[in-house]
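Chemist: Sequence:
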Amino acid sequence: MAITKAELQKRISNILENDSNNVNTNPKDARKRLAEGLASAINDFVIGRETKIIGTTTDGKGVTGQGIIQSN
1 MAITKAELQK RISNILENDS NNVNTNPKDA RKRLAEGLAS AINDFVIGRE TKIIGTTTDG
61 KGVTGQGIIQ SN
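With the first letter of the sequence shown counted as 1, position 40 gets the number 40 in full-length UniProt numbering; the numbers rise by one all the way through.
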């Protein structure tokens with residue numbers, strides 16, 4: 001199940017705080033941890049979320065659908 005917006009915000013805040021107060025942090029390592037943490041949090045926010053799709057077919061007819069976003 002996808003995490004909520006509030007959970008995403010909390011995780012991002014925690015990720016940013018992890019290295020911000022550590023003077024011994026290696027910037028290259030911190031950037032890698034930041035990228036990995038953000039990617040994981042965003043993945044958990046998107047994957048499993050229900051989405052609705054509204055569009056038009058090539059012949060002009062309306063089409064709708066819904067489903068759960070899945071990883072490949």
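Everything labelled a hint here was simulated from the structure, so no lab data went into it. Ideal placement from N, C-alpha and C gives every residue a C-beta, glycine not left out. Any given hint could turn out to be false.
In silico DSS-like links for lysine-lysine, alpha-carbon gap of 25 Å or less [unchecked claim]:
(1) K10 / K28
(2) K52 / K5
(3) K28 / K61
(4) K5 / K32
Label pairs and their in silico Cβ distance ranges [to be verified]:
(5) D59 / E17: 47 to 57 Å
(6) T56 / R31: 21 to 31 Å
(7) N24 / V63: 48 to 58 Å
(8) K32 / I68: 52 to 62 Å
(9) Q9 / A35: 14 to 24 Å
(10) N21 / N43: 21 to 31 Å
(11) A6 / Q66: 39 to 49 Å
(12) T64 / E7: 39 to 49 Å
(13) I68 / V23: 18 to 28 Å
(14) S13 / K61: 42 to 52 Å
(15) D29 / T4: 21 to 31 Å
(16) A35 / T4: 43 to 53 Å
Chemist: For the pair supplied as a hint, K52 and K5, confirm whether the alpha-carbon distance does not exceed 25 Å.
Modeler: 18 Å, holds
Chemist: Given a hint of 18 to 28 Å, does the C-beta separation of I68 and V23 actually sit inside it?
Modeler: Given range 18 to 28 Å: violated, Cβ gap about 44 Å.
Chemist: Using the beta carbons of Q9 and A35, state whether their distance is inside 14 to 24 Å or not.
Modeler: For Q9 and A35 the Cβ distance comes to about 18 Å; the hint holds.
Chemist: Take a look at whether the Cβ-Cβ distance between A35 and T4 falls inside 43 to 53 Å.
Modeler: 23 Å, violated
Chemist: So the hint says 48 to 58 Å: do the beta-carbon atoms of N24 and V63 match that?
Modeler: Holds, since N24 and V63 (Cβ atoms, about 56 Å apart) stay within the stated range.
Chemist: Given the range 42 to 52 Å, decide if the beta-carbon distance of S13 to K61 lies inside it.
Modeler: 45 Å, holds
Chemist: Sort out whether K28 lies within 25 Å of K10, counting only the CA atoms.
Modeler: 23 Å, holds
Chemist: Is the hinted range of 21 to 31 Å satisfied by the C-beta distance from D29 to T4?
Modeler: This hint holds: roughly 30 Å between Cβ atoms.
Chemist: Assuming the hint says 47 to 57 Å, is it satisfied by the Cβ distance from D59 to E17 or not?
Modeler: 53 Å, holds
Chemist: Hinted pair, alpha-carbon criterion (25 Å max): K5, K32. Please report holds or violated.
Modeler: 23 Å, holds
Chemist: That 39 to 49 Å hint for T64 and E7 (C-beta), does it hold up?
Modeler: Given about 29 Å between the Cβ atoms, the range is violated.
Chemist: If you draw a straight line from the CA of K28 to the CA of K61, is it 25 Å or shorter?
Modeler: 52 Å, violated
Checked against the numbered hints listed earlier, the structure breaks hints 3, 6, 8, 11, 12, 13 and 16; every other hint is satisfied.
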